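Visitor: Chains A and B, in that order, are what the protein sequence lines are.
Residue 633, in the numbering used here, is where the first sequence stops; the numbers in between run on with no holes.
Residue 187, in the numbering used here, is where the second sequence stops; the numbers in between run on with no holes.
Bear in mind the hints are in silico, worked out from the structure with no lab data behind them.
Just so it is clear, the structure is predicted and the values come from calculations on it, not from any experiment.
Just so it is clear, CB atoms sit at the ideal spot from N, CA and C, and this is done for glycine as well.
Hints may be right or wrong, so weigh each one.
[Claimed, not checked] When the alpha-carbon atoms are kept at most 30 Å apart in a straight line, the in silico BS3-like pairs for lysine-lysine are as follows: (1) A/Lys524 <-> A/Lys550; (2) B/Lys72 <-> A/Lys232; (3) A/Lys257 <-> B/Lys91.
[Unchecked claim] Selected chain B positions facing chain A (Cβ under 7 Å, derived; list incomplete): (4) Val80; (5) Leu81; (6) Arg86; (7) Pro98; (8) Met140.
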Amino acid sequence: MKILGIDLGTTNSAMAIVEGGQPKIIENTEGNRTTPSIAALAKNKERLVGLTAKRQAVTNPENTIFGVKRLIGHRYDDPGVQKDKGSLPFKISQGGDSGVLVAMGGKDYRPEEISAMILQKLKTDAEAKLGEKITEAIITVPAYFNDAQRKATKDAGKIAGFDVKRIINEPTAAALAYGFNSKKNEQIAVYDFGGGTFDVSVLEVGDDVIEVKSTDGDSHMGGEDIDRDIIKWIGDEYKKESGIDVTKDALALQRLKEAAEKAKHELSTTSESEINIPFITSDATGPKHLLLKLSRAKLEEIARPYIDRSIEITKRAVKESSFDMKDIDEVILVGGQTRMPAIVDAVRALFGKEPNKSINPDEVVAVGAAIQAGIMQGDVKDVLLLDVIPLSFGIETMGGVATKLIEKNTTIPASRSQIFSTASDNQTQVEIHVVQGERPMSSDNKSLGRFVLDGIPPAPRGMPQVEVSFDIDANGILSVKAKDKATGKEQSIKIQASSGLSDADIERMKREAEENADADSKKKELIEAKNLAEQLIYTAEKSMRELAEKLPEDVKKGVQEKIDALKKIKDAATDVAVLKSETEALSLEMQKMGKAMAENQANPPKSEPEKAGAENVRDAEFEEKKEDGDEKK
Amino acid sequence: MLNDDELKNAANASESSDSENVSNATGEALEKCKTERAEYLAGWQRAQADYANLERESARERDAEAERARIKIFRQIAEVLDGFERAFSDKESWNSAPESWRSGMTGIYEKTRAIFREHGVEEISPAKGDAFDPTLHDSMMIENTADQAKDGLISETMQKGYRINGRVVRPASVKIFSHTPESPSSP
Numbered sequence: 001m002k003i004l005g006i007d008l009g010t011t012n013s014a015m016a017i018v019e020g021g022q023p024k025i026i027e028n029t030e031g032n033r034t035t036p037s038i039a040a041l042a043k044n045k046e047r048l049v050g051l052t053a054k055r056q057a058v059t060n061p062e063n064t065i066f067g068v069k070r071l072i073g074h075r076y077d078d079p080g081v082q083k084d085k086g087s088l089p090f091k092i093s094q095g096g097d098s099g100v101l102v103a104m105g106g107k108d109y110r111p112e113e114i115s116a117m118i119l120q121k122l123k124t125d126a127e128a129k130l131g132e133k134i135t136e137a138i139i140t141v142p143a144y145f146n147d148a149q150r151k152a153t154k155d156a157g158k159i160a161g162f163d164v165k166r167i168i169n170e171p172t173a174a175a176l177a178y179g180f181n182s183k184k185n186e187q188i189a190v191y192d193f194g195g196g197t198f199d200v201s202v203l204e205v206g207d208d209v210i211e212v213k214s215t216d217g218d219s220h221m222g223g224e225d226i227d228r229d230i231i232k233w234i235g236d237e238y239k240k241e242s243g244i245d246v247t248k249d250a251l252a253l254q255r256l257k258e259a260a261e262k263a264k265h266e267l268s269t270t271s272e273s274e275i276n277i278p279f280i281t282s283d284a285t286g287p288k289h290l291l292l293k294l295s296r297a298k299l300e301e302i303a304r305p306y307i308d309r310s311i312e313i314t315k316r317a318v319k320e321s322s323f324d325m326k327d328i329d330e331v332i333l334v335g336g337q338t339r340m341p342a343i344v345d346a347v348r349a350l351f352g353k354e355p356n357k358s359i360n361p362d363e364v365v366a367v368g369a370a371i372q373a374g375i376m377q378g379d380v381k382d383v384l385l386l387d388v389i390p391l392s393f394g395i396e397t398m399g400g401v402a403t404k405l406i407e408k409n410t411t412i413p414a415s416r417s418q419i420f421s422t423a424s425d426n427q428t429q430v431e432i433h434v435v436q437g438e439r440p441m442s443s444d445n446k447s448l449g450r451f452v453l454d455g456i457p458p459a460p461r462g463m464p465q466v467e468v469s470f471d472i473d474a475n476g477i478l479s480v481k482a483k484d485k486a487t488g489k490e491q492s493i494k495i496q497a498s499s500g501l502s503d504a505d506i507e508r509m510k511r512e513a514e515e516n517a518d519a520d521s522k523k524k525e526l527i528e529a530k531n532l533a534e535q536l537i538y539t540a541e542k543s544m545r546e547l548a549e550k551l552p553e554d555v556k557k558g559v560q561e562k563i564d565a566l567k568k569i570k571d572a573a574t575d576v577a578v579l580k581s582e583t584e585a586l587s588l589e590m591q592k593m594g595k596a597m598a599e600n601q602a603n604p605p606k607s608e609p610e611k612a613g614a615e616n617v618r619d620a621e622f623e624e625k626k627e628d629g630d631e632k633k
Numbered sequence: 001m002l003n004d005d006e007l008k009n010a011a012n013a014s015e016s017s018d019s020e021n022v023s024n025a026t027g028e029a030l031e032k033c034k035t036e037r038a039e040y041l042a043g044w045q046r047a048q049a050d051y052a053n054l055e056r057e058s059a060r061e062r063d064a065e066a067e068r069a070r071i072k073i074f075r076q077i078a079e080v081l082d083g084f085e086r087a088f089s090d091k092e093s094w095n096s097a098p099e100s101w102r103s104g105m106t107g108i109y110e111k112t113r114a115i116f117r118e119h120g121v122e123e124i125s126p127a128k129g130d131a132f133d134p135t136l137h138d139s140m141m142i143e144n145t146a147d148q149a150k151d152g153l154i155s156e157t158m159q160k161g162y163r164i165n166g167r168v169v170r171p172a173s174v175k176i177f178s179h180t181p182e183s184p185s186s187p
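If we strip away everything but chain A, and leave its shape as in the complex, we get (with noise of 0.2 Å):
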């Protein structure tokens, strides 16, 4: 049985589960990670929730319910919902409680009732997704919600359907999704700039609980406010221009909408935006475009205000909470619009440290849900320990280059298997070198050991298909077997991969191979640039002897002269370009006896591919192991 986490959010929703023990964001039927909070009853009498709620909202204001979070648990005579009453194109009256009672569809309804309108889309949605019945939920509030507020919340929960396990702090949730429940005496503060609504929280993470020690904001200020001002700037620009004022028309309106949006999430990356909308309406002097940029800049300057209200608001929340700024551990980031890169810069100097924004901050409350609900269920817990190597494994391939065969940070037990070939021709034995570590070239890595597999039948380099498997069992040793794929004859070798190398070493080696990433990148490049002269070098000389009667001898020559030319180089060459150029050259060279094959005969004949029948034969090759001469085992 799966325990739902969800962000019942003013203007979005959104839901999570804990499944194989990790979080997973649960999409609605429409195919989207969140859901409007928004309920409604058609003209039909239907009634619709989420995103569909909000595309009928314009014709059907009336019945159209929206910002619901910010009545629930509340008094009808509260300050905040008199204020609010005015603005809100639905009716609110008062109920027998003295509570809120919210007009649809010429009935009334309990803030709770709405709210649980929502909870059931998203609990039938989930259970369409995950294939099951969810019962149970855990709920996100905010940290200021009282216990009227949370109580209305659990209730809306009931009505909905669900066993609700429990009802957490949204700023608690974050903290939980980033995992910071488990480190102690720590503070963490929780900037959350949504949709609609500005939160900020203090917490102190003590033993086994997450305590809220402060917390303030601004139930009216939220991301739609800056949308609203960039709509307002394009239209203000678009006037002093054309002297046409379109944000009248409700298309040309939703235009504009549509564009800010666009340009606000690019200059989240980018430091200009076009703003085009060919064709955007037309007057007497005929059809008129709207073409601006709003540069990252003036975004900052529109956005400015708010920005700096938000801070404020944090300075004293962190001065509420008694603690000082420097006391401040972890600070994350939760909302749409924290991904705008000033609100980044100005969380980052007040709190003078990075802030955590590696969690999708739409989704990082309910993915703490999520995480709070895997905990009761014990998931965590009952979990097998598996490891991971730290570096990864390969073998010595051709030119001393390390090929690796089993990736760092691979969970084990693993098993890979790759077939390689020989370097020359006739062949008879490989060596294998098995090394570990994530330097490109194989003398940088660790020697795990090496053995020789021989016995290979001779024949062309590239030819023969040896397969070498690495096996890694659950207590890290390796064991690593080469096959000749042509005789089964076969050769292994059993490493205690752990042996030798302690967790500094590991450390070490992945630091040198981080600092040694560009040369090490080079120096791989010009083995790769050899390898490949060397692989032409091969084939232009095959060619040469077999059609050695039937090209002019002109062609010949040259082919021969660029072969001296690329030897003469290759083995001493440091410059890849110089390499790369010489190859490069002696591949048109090569062209040059195709074409004279083909004028020569009417039907030429068909040069021989380099690797026949071995089309699963990997670019690396073995080295010869010369030492060994032909000394079988």
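We have chain A already, so just place chain B on it with the hints.
Guide: Leaving out everything else, chain B in the frame of chain A:
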């Protein structure tokens, strides 16, 4: 697994002359083994099932991700079509453009639409008087009408919508009739 003490107990019991003790101790050990075996088997089966499920789930996720990416691109192309349609809808300006320009522009428009058709993207373009369906349509504004029968029906498609395989790429933007009695005194 059995720990050393338990093994020793079992062994001790087997040395004792009391055969009942022997069978008791080995019986217990066997029971424990059986329990553990069942536990491990269940864990192993679960791991296998988890993996099979994960594979299926990631295949589904991959498809869904590809579909999302396609829909995103279609949504952007739809904006290009909107531009053309806005140009065509201003009849006076459009007709005053030279014929060869008009046919060229129409050609580009049709070519873009052909991309949609090729990929199975269908237009959502409700006619006047069609029922409003919020799963396909997005209401932009209302048009007052004295005819009560028309209340809530679509009066005009302001911007076409699109869908693919039953999934809405973008809803059609529509204007809706709203009944407003002409005389305030009417019931």
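Visitor: Each hint should be assessed against the structure and marked as holding or not.
Guide: Verification of the supplied hints:
no.	hint	result
1	A/Lys524 <-> A/Lys550	violated (39 Å)
2	B/Lys72 <-> A/Lys232	holds (26 Å)
3	A/Lys257 <-> B/Lys91	holds (26 Å)
4	Val80	violated (9 Å)
5	Leu81	violated (12 Å)
6	Arg86	holds (4 Å)
7	Pro98	violated (14 Å)
8	Met140	holds (5 Å)
The structure does not agree with the numbered hints 1, 4, 5 and 7 stated previously, though it agrees with the rest.
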